[in-house]
Every structure is written in structure tokens, then in C-alpha cells.
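Asks: Each chain is listed here by its residues.
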Amino acid sequence: MPSPEDIKQRIEASITGAHAEVEDTTGGGDHFRATVTAPAFEGRSRIEQHRLVYDVFGAEIGGAIHALSLKTQTPLKTPTP
Amino acid sequence: MSSTEPSPVRDLPMAGNAPAPAAETSSGEPNPIRDAIAEAIEQHAVILFMKGTPEAPACGFSARTVAILEALDTPFAAVDILPDPRIREELSAISNWPTIPQLFANGELIGGCDIVSEMYESGELAEALS
Numbered sequence: 829m830p831s832p833e834d835i836k837q838r839i840e841a842s843i844t845g846a847h848a849e850v851e852d853t854t855g856g857g858d859h860f861r862a863t864v865t866a867p868a869f870e871g872r873s874r875i876e877q878h879r880l881v882y883d884v885f886g887a888e889i890g891g892a893i894h895a896l897s898l899k900t901q902t903p904l905k906t907p908t909p
Numbered sequence: 005m006s007s008t009e010p011s012p013v014r015d016l017p018m019a020g021n022a023p024a025p026a027a028e029t030s031s032g033e034p035n036p037i038r039d040a041i042a043e044a045i046e047q048h049a050v051i052l053f054m055k056g057t058p059e060a061p062a063c064g065f066s067a068r069t070v071a072i073l074e075a076l077d078t079p080f081a082a083v084d085i086l087p088d089p090r091i092r093e094e095l096s097a098i099s100n101w102p103t104i105p106q107l108f109a110n111g112e113l114i115g116g117c118d119i120v121s122e123m124y125e126s127g128e129l130a131e132a133l134s
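If you're matching them up, the sequences are chains A and B in order.
In the numbering used here, each residue carries its 1-based index in the first sequence increased by 828.
In the numbering used here, each residue carries its 1-based index in the second sequence increased by 4.
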């Protein structure tokens, strides 16, 4: 059963420059919520952004990972200190 | 996406030497479920593929998406994907989207619960559904 940390690491390993924050929404190891920030999202529609993340997990979505709720954004929206 | 005429995919192996025709994955193979889904997407201005029904959603994400459509007073068609696992398989093959629910408007995938919620909150959804 994947942990939020597993999910985070796999997203960050697969999408260049991505930063992911992942929580297990039910504590059951199969419902997750992820906020992913990545330069690769720039110029892409929301659908394309979410597909990039879903593609990391392939058939596990709907299988071992029952739900992966996503919020995607580009680094531009992060205020710089 | 529509198959309006029988396309000449069935090249007969007149000079054929190919031993493996890959018949099962060929696009010429009849696929009534996929065709029915594609047709439903084309024929309804707004259509939601969900778990359960709008009256009795079987999943929180489907329930939330229905609630948003109802809040916008948007008429929509709904398809319950639960009765037959092939519905979900074929839908995801068409849409290249792995999760349920899936909302389509004017033949295009709008998104799942997350995107629909985001667009509702930003006000974009009403426009996309018009």
C-alpha cells in the first residue's frame, strides 16, 4: 500500500522540477490528495496537467490508488520571498 | 471520433506476407460499447459519467460533481458506469482520463471532480457548459 511519501517521491521523480505535497485523505492508504507544482505544467491546460500526474501511476489509478485528487500549478504562481 | 462510413481499414492480404494481423486490437473490430459511449458524448451537450445516479451517487467525487451541476442549474445527462466494468474501460480509452467522474460538454472532456470544482469556484464552469 503506497504512503503519501511514496506518491510524492514518484511524482517528483517522474516530472522534472516538480514539487508535490501529498496527504492520505482517509488514512486507508488508497485515497490521496496531491498539490503538484511543476514548470512542466506551463502552457498546458488543466486537463493536460492532471494527465501528466496520472500518467506517473498508470493503471494503479482506480486500482491500488482508489483516488488521487489533484491540484496542479506552475511555479510562477508561488510568491517569491 | 465518429465513424460515419466504413473506412477501408480491412486491407485484404492480397500480396500479404504478414503472419500476425493483430485482429483483436484493430480499429476495424466492432466495439459496440465504445461506439455507444462516443455517441452519447456527441449527442448530449452536457453529460456526466459517474458512479451511481444523480439521485443516489455511489461515490463522494461523483456526488460533489452532481451537486455543482445542480447548483449551476445545468441540465445534464448522466451515465452510471458501475453496472458493467467495460463502460469505464472504454470511456477511459476514449477520454484518456483514468478516474470517474468525467464531465463532457459539447463533446469535449471538461475534467473530473477536481477540475470541475476548481472551474466552478473560479466561475469558468458556467461558461464552459454553455
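These aren't lab readings, by the way, just hints derived from the structure by calculation.
Glycine residues also receive a C-beta, built at the ideal position from the N, C-alpha and C atoms.
Be aware that a few hints might be false.
To be verified - Pulled a few chain A residues facing chain B out of the computed Cβ check, cut under 7 Å:
hint, residue
1, R872
2, L880
3, Y882
4, V884
5, I889
6, G890
7, S897
Asks: All hints, please: hold or fail.
Replies: Consistency of the hints with the structure:
1. R872: violated (13 Å)
2. L880: violated (12 Å)
3. Y882: With Cβ-Cβ at 5 Å, under 7 Å, it holds.
4. V884: violated (11 Å)
5. I889: Cβ of A/I889 sits 4 Å from chain B, so the hint holds.
6. G890: holds (6 Å)
7. S897: OK, holds: A/S897 within 7 Å of chain B, min 5 Å.
Checked against the numbered hints listed earlier, the structure breaks hints 1, 2, 4; every other hint is satisfied.
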